[in-house]
Amino acid sequence: MRNLLSFALIGLALVLPAQAQQMAPGFPGDAAVDLGQEKKTLKPRVVPNSGRLEWMPAERDLTSWTTLSHLDQRDARRPQRVTLEEPLAGNPMRGRDIAMAKSRGNCVACHELPGDPWPGTVGNSLLNYQRRGMSDARVYQQIYDARIFNPQTVMPPYGTNNLLNEQELRDLVAYLQNLE
Amino acid sequence: MLNRTMLLTLLACPVWLLFAGQAALANEPYRELDRPRAYTPDVKGDARFSDTYRYWKDRSRLDPAMAGNPDEYWKLNWKFMDPPFNQAIHGGHFAMDHGETRFMSLNRTHSFARCLGAGKQGLKGLRAGYPRYVARLGRVAGLEEMIEHCAAKEGVVMQNGSYDNSAVALYIASHSNGMPIRIQVSKGPMRQAFERGRLLYHTRSGRQNFACASCHVHNTGKHLRGNNITTPFGDASHYPVYRTRYELQSLHLRMIECQLDTGAQPLLPGSRAYTDLEVFLTALSNGYPVAVPTERD
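Chains S and P, in that order, are what the protein sequence lines are.
My numbering numbers the first residue of the first sequence as 295 and each following residue consecutively.
My numbering numbers the first residue of the second sequence as 18 and each following residue consecutively.
Be aware that one or more of the hints could be misleading.
Stated by the list, open to error - Calculated cross-link-like contacts (lysine to any residue; reagent style SDA-like; alpha-carbon spacing at most 20 Å):
1) S:K396 to P:C275
2) P:K239 to S:S344
3) P:K239 to S:Q446
4) P:K170 to S:S344
5) P:K170 to P:K239
6) S:K396 to P:E89
To be verified - Chain P regions said to be covered by chain S (calculated; three or more residues, Cβ under 8 Å):
7) 47-60
8) 197-205
9) 257-265
Stated by the list, open to error - Label-pair ranges, simulated between beta-carbon atoms:
10) S:L421 to P:E89: 21 to 31 Å
11) P:R242 to S:M387: 50 to 60 Å
12) S:P411 to P:S122: 33 to 43 Å
13) P:G108 to S:M428: 43 to 53 Å
Honestly, the hints are just simulated from the structure, not real lab data.
The C-beta atom is built at its ideal place from N, Cα and C for all residues, glycine as well.
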C-alpha cells in the first residue's frame with residue numbers, strides 16, 4: 295500500500311512539476327522523491343516477475359543538494375572561505391571516530407589513516423600528519439571547503455555542504471594534528 | 018567557473034548560436050564541472066584513456082592470473098562477471114527465459130517488435146543500435162524506455178527499470194550477442210545527446226559534490242576503500258545485468274546506485290539526463306560486443 299502511494303506521488307511529481315516546486319523553487323520534477331515521506335529521497339527496489347518498479351525511502355534525504363537533472367534550476371553551493379575561531383577545542387578521539395565512520399567523515403575512503411586495513415588512494419596519506427606542521431586554520435579550511443586551495447579537488451566540501459557540523463570539523467582537525 | 022551552457026556552446030554550437038547561448042547564461046544555475054575532456058566514441062578510445070583496452074579487448078584471451086592480483090584486477094575491466102568467473106547458470110538466465118515469455122505474449126500480433134524498430138532481421142542487432150533517435154517520440158530513447166512505451170501500446174505496464182522490462186531487454190539483447198555496439202553520435206539529436214551526456218558525466222552533484230568523472234575519469238585505477246575504479250569504456254554492452262543483491266539492474270538503475278552511494282539525489286529511470294548519460298556511455302562501448310546474460314555481486 296505504501297508503495298502504491300509512492301507511485302501515485304511520483305506520478306504526480308512527473309506530470310505536475312509544480313508539486314515538487316512547492317518544496318524548493320527549481321527542484322526538478324524528474325527526481326525520485328516522495329514528498330509524503332519524511333526522508334523524501336527514494337531508492338528503487340526491483341521486484342521479480344513484476345512490471346512495476348517499487349520505491350522505498352533512501353537512507354537519507356538528499357533533496358537539498360543539486361541533481362544532474364536538466365530541470366534542476368537551483369544553484370550548487372559555491373566555494374566558501376572560513377576563519378577558524380581559536381581556541382580549537384577539538385577532541386581527537388571523537389575526530390578519529392568521525393574519520394573512520396562510513397556514514398560520517400569516511401575520510402579513509404580516500405586517505406590512509408592509522409589502523410585502517412583498506413586505505414583509499416584517491417587522496418594522499420595522512421599518516422603522521424602532525425609532521426606537516428600545518429596551521430589549524432589551514433587544516434580546518436581544507437576540510438570545510440578544499441576548493442579554496444584547489445578548485446578541482448575531489449575532496450567533498452564537508453562544511454559548505456553541511457556534511458559535518460563545526461564541532462565535528464574541530465574534532466577532525468584535533469585528530470589530524472595529533473597524528474604523530 | 019564555466020557552466021554547462023558556456024561549455025556546450027563553446028564546444029558544440031555554430032557561431033550564430035553563441036549569442037543565443039550567452040543570452041541564456043544569466044538564467045543558467047551555477048554548476049561545477051570536473052575537468053571535462055574529449056572522448057573518442059569507440060571502445061578503442063580507451064587505448065588513449067586508461068590504456069587497459071589491450072587486456073580486455075579479446076574476451077577469449079583474458080588472463081585469469083591478473084584477476085588474482087589486486088593491483089592489476091581493475092585493468093581487466095571484467096565487468097560482465099565477478100570472481101570466481103564460473104559460467105554456471107545464474108539468475109540472469111532465468112530472467113532471460115522470463116523475458117522470452119513476456120515478449121511472446123506482448124508480440125502476438127508482431128506490433129510490439131515493430132514498435133521497437135525490428136525490421137526484416139527481427140530482433141537481431143536491435144540492442145546494438147540503442148539508444149537511438151525515435152522520430153515518433155521526437156527524442157532519443159534507450160531500449161528500456163522503448164520497451165515501456167511499446168508495452169503500454171499493447172496495454173501492458175512495464176515500467177523502465179522494472180524486472181519485466183529488464184527481462185525483456187535481456188531477451189532482446191540476447192539476439193545481438195557477439196555483435197558490436199554500433200550507435201552513431203556524429204550528427205543530429207544523437208550528437209547533441211552525446212555532448213550533453215559527456216558534460217553531465219563531468220558535472221558535480223549531490224552532498225559530496227562529485228561528478229561521475231571525479232571517480233571514473235580522474236581516479237581510474239585508484240582504490241576507493243575496497244573498490245577499484247574502472248574505465249568508463251566498455252561499460253554499456255552487458256546490461257541489464259543480474260546482480261545477486263539487486264536482482265536485474267538496468268544501466269539507469271546502476272546510475273541511481275552510484276548516485277545514492279555518493280550522496281546525490283537520484284533521478285527517475287528514463288529521465289532525459291540519464292538517457293544522455295546512457296548515450297555517452299554506450300558510445301564509449303561502440304565496437305564492443307553485446308554480452309548477456311551477465312552476473313555480478
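Q. Which hints, by number, does the structure contradict?
A. 2, 5, 6, 8, 11, 12
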